[in-house]
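When we follow full-length UniProt numbering, the leftmost residue of the sequence shown carries the number 1, and every step to the right adds one.
There may be inaccurate statements among the hints.
[Said to hold, decoys possible] Taking lysine to aspartate or glutamate and the EDC-like style, the derived pairs with C-alpha atoms no more than 20 Å apart in a straight line are:
1) Lys-359 - Glu-473
2) Lys-411 - Glu-288
3) Lys-487 - Asp-468
4) Lys-359 - Glu-486
5) Lys-359 - Asp-54
6) Lys-487 - Glu-464
7) Lys-359 - Asp-37
8) Lys-487 - Asp-351
9) Lys-411 - Asp-351
10) Lys-359 - Asp-467
Everything labelled a hint here was simulated from the structure, so no lab data went into it.
Values in this document were obtained by computation on a predicted structure and should not be read as measured data.
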Amino acid sequence: MARARVRGIYATALTARLLDAGHEVVDASPPIRRRFDAEFGTEPPAVRIETSADRQGVGAGGDPDALDAVRGVLTGAGRDALAWPDPTPPGTVLDGEVTETLGGGAVVDLRVGDERAGGDGDEGTGAPAAAAEGYLPYGDVDARVETGDAVRVQVRESAAPWTDRRPELAGGLRIGGDLVALEPGSGTRVDVREDEAARELAGMIDLLDLDPPAGWRAVWRPPAVDADTEALTAGLDAAVEAAEGLRAAVGAEDETGGELGVLGDRSRLRDGPLAAPNAGVWVWFGRESRAGLDDARRTATATMPGHHRAKAGSADASAGVDLAEALCEPGADAEFPFSVVADAFGPREGDSLRIDHGKPDGRLITLGEGSVTGVDPDGTVAVEREMSGGGTYDGLGVDRRAGDVAETSLKEGRWWYPTTYRGRDGTVRGTYVNVCTPVEVFPDAARYVDLHVDVVKLPDGTVERVDDDALDESVAAGYTPEPLAEKARSVASALENAL
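Let's have the full structure, built from the sequences with the hints guiding it.
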């Protein structure tokens, strides 16, 4: 059993799944407490689960054993739930080299190493940690930073692999905690808005007769307001122990005693984490997984069809879902109202729409942006893109000419979509059918994860199936779970016969 804290648009569904699996949910929000007939403790969680910034999935981090225990709850939502180890979970100390200086900070090439970050390859979670870049704000390091500098940094905030964000770094040690954190400095800091509560917490260090390590200060966090003295003592004890362990781990490799920031000697650079107090995993939810999460949420509270699908689209859509569910009781067997959501939030005819082409290894490639030429009530969105010249079309072997038009038909929930390429005169130059996880058409982008195997129709009418070997390699590498791969092969076979 693991203790988990859950926040974000998937909180109710994941709380239901965690409780059903025998885990404990702590520090629950008021809505979660109202929806469940369960006891929610106030102890510090072993795993923290939060919705990613783009609402496409969740990040989980904490104790490695506890993370292993809950990973299956996250990836078990559906066949198109894919997980990747986080090479830079918060709290990790890494060495790196500054590769670029920007207006407000520096880009750092981090030496994350090639260690596998837990998980069974058959579940698509055992992929090697990829090379990582981080962003070091100038205000978070006590020295001038130049391109080529060797630096030692701590990860403050990680970033999902499918986004264009970099993990945020700092040139000083900090120990995170739900009740109390420790950071370099003196005195006590209280991160609480209520003046009376802040004054009470400010005196807790003296009352508890606990001293942070030399050079560190305690930072009381908002949950500390409702914690009892025993919990506060335990939280501070744990933070002090973690701080001493982290300082020792970093100092073991560094004769200066564990100082971070710019290193004067490049020979001091080390590969892999110098300290890794937390493990991490990122989980991307596809359309089928969101439907599974809807089912889990429905066991606790009224849930409209496509609840998580709509909420993942935009902040405005998320607010609209909350209003709709507050006003009426959704029918459990109804279908996701795509046309209603699209009319309210987009995409609409004339809008621009990106095609976000995910990869099973966690990367995201934008295939381009086109103009929406039609939106049908059945969830089909037509997009046109004008192509530039040069090269050939993948799988077709046909030259790409300036002025060619790519006509793409994206249908919500379908495991494939076709793109037909036409010349200026309207001549069909070939059709490429991409096999993927169920397509989701959000207001700004269509999103899915490519499943490698595809079907093409050449200008002479010949139909070919391509990239089966790439799918097999992805399964062998632990990126694509076998059930998902089998679905992809089945869809490809059906398309091959139909064309």
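Which numbered hints does this structure break? Those not satisfied are hints 7, 8.
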